[in-house]
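*Asks:* Here is how the chains run, residue by residue.
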Amino acid sequence: MKHLIDPTDLTLAEIDDILSLAEDIIKNKEAYAHVADGKKIATLFYEPSTRTRLSFEAAMLELGGSVLGFSTADSSSTAKGESVADTARTVAKYADVIAMRHPKEGAPLVAAMNVDIPVINAGDGGHLHPTQTLTDLLTIREETGRLSDLTIGFCGDLKFGRTVHSLIKQLSRYENIRFILISPTELRIPDYIKDEVLEASGADYIEVERMEEVMPELDILYMTRVQRERFFNEADYIRLKDSYILDPEKLLNAKESLKILHPLPRVNEISVKVDADPRALYFKQAEYGKIVRKALIMKLLGLSL
Amino acid sequence: MLKVDSIEKGIVLDHIKAGKSMQVYEYLHLDDLDCTVAIMRRAKSTKYGTKDIIKIADRIDVDLDVLGYLDPDITVNIIEDGRTVEKKKLELPEKIVNVARCKNPRCITSTEQEIDHIFRLVDRKNRVYRCIYCDQKAGK
Ligand SMILES: [Zn+2]
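Chains as they are written, first to last, in the numbering used here: chain A, 1 to 305; chain B, 306 to 445.
Hints are all accurate, no fakes.
With a cut-off of at most 25 angstroms between alpha-carbon atoms, the simulated SDA-like pairs for lysine to any residue come out as follows: (1) B:K442 <-> A:T8; (2) B:K349 <-> B:K392; (3) B:K442 <-> A:R162.
If you're looking for bench data, these hints aren't it; they were derived computationally from the structure.
Extracted from the complex, chain B is given alone in its bound form:
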């Protein structure tokens, strides 16, 4: 297996569904970071077959709501001195603001640019979010 150096200090996002790491990268705006970011795609996992992993070599504030919305099964490991010092548990957020965009052309957000795009969790079991303005389903 391809080796990626473990990090001294930073964050490891583990158990990302195989192939979904680029989406996580984009939603978290990791391209804005100056530090090293390693993306491992389709790494072998005992639990999931294959998975994606993202390693960030800095203690940034990860938006847990964004991650929870994308996939609450992702694990967030905080690394200090090369060791995991904290594992954060994700939850489906009740509400997400300016994370997903409403694609309904009849929605008020389509004509008024400054309005926040807000989606609310309406079905926890099926992880369905709907636009608070027009009830359009959020598409990931």
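Here chain A stands alone, though its shape is the one from the complex:
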């Protein structure tokens, strides 16, 4: 593993390696406080994503390293017309690892093809966001103790949600995962995910419109936002919007052991009344995101205790 561009580039063994290291970092946080002393991460963010950028920077700082970079395209040399390849080549002379966010699909791959230091895709348009996927996997593994034998409900916008597509792709590589896809008809999972991922892996999946009917079966509920502009008409949006908002009533018949995940930021799809529920893990998930980035940075830089 030289770079992390597409999560499907990773073997299950490599993922397991990263997650196991992350687990050790959770247990022995102090031991890792200087493992990256003298190393630098460049966060090249061509579009703002404060959450993801801060997560990478906090990860590097907690490992003893330091950070540099930019957080919008207009403050960068792109504003002067420099290519991604040239920017990456230059930055590679200053930093030891690059985390790149870019509105265009494939930009981090272009960077990776032009430098000798590791490049991490921190989100390329609506395409891939591998560290979110690793975050989700770590959260599930730490909170349930496994990445197999799970019934996972994905709820909301399953058509455009890249985090959902990516996580489904990854989870379909594990044993005995049952997918329950909860969405309005308009926002169903695309056919190519069904054909190339779910059918191809022989995964068990069903599609439903309402979460109440499947709630008792779920081990994991992965919520995403349903955006008004994704609907064909306002009437449908108004008719359906409350079906995709998680509130305490909908959780009445859920398992005690349910884990509620959300990639954040949340708007209104999870009622704040759910936040106090011990099954609500979305803020903890953000912490797992930082930890899995620590593990990833260490692996890519070849660092160990």
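Chain B with the ligand: place on chain A using the hints.
*Replies:* The following block gives chain B with the ligand in isolation, referenced to the frame of chain A:
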């Protein structure tokens, strides 16, 4: 049937799907050649019903990857002294560089002109190629 002279020395691209010869002509940039190029469209074929044929009266280096990508069933015959001296077998190339162009407006190749357009074979059975940057399917 319309007769086109056989060539002494050169290349015959045979068993091109009927009607696809102009596409082959364009992808191989045959318009850049100075030698004679004959295109026969919808010639009778015992095996395929009708087919297209392209005859090139010079031993040029044909890009076999481009042809394999377009259609691996095309046959490439090398002609010397009026006879076929070699038949080249085509294969689907694993990767094609600057042959097809990515048409996804969200792809980095749409804003950065100097990036090579690279597609990788992802499904051999259905001959599907996808852009390495954005996963867009190649359209022929
Ligand atoms: Zn592309």
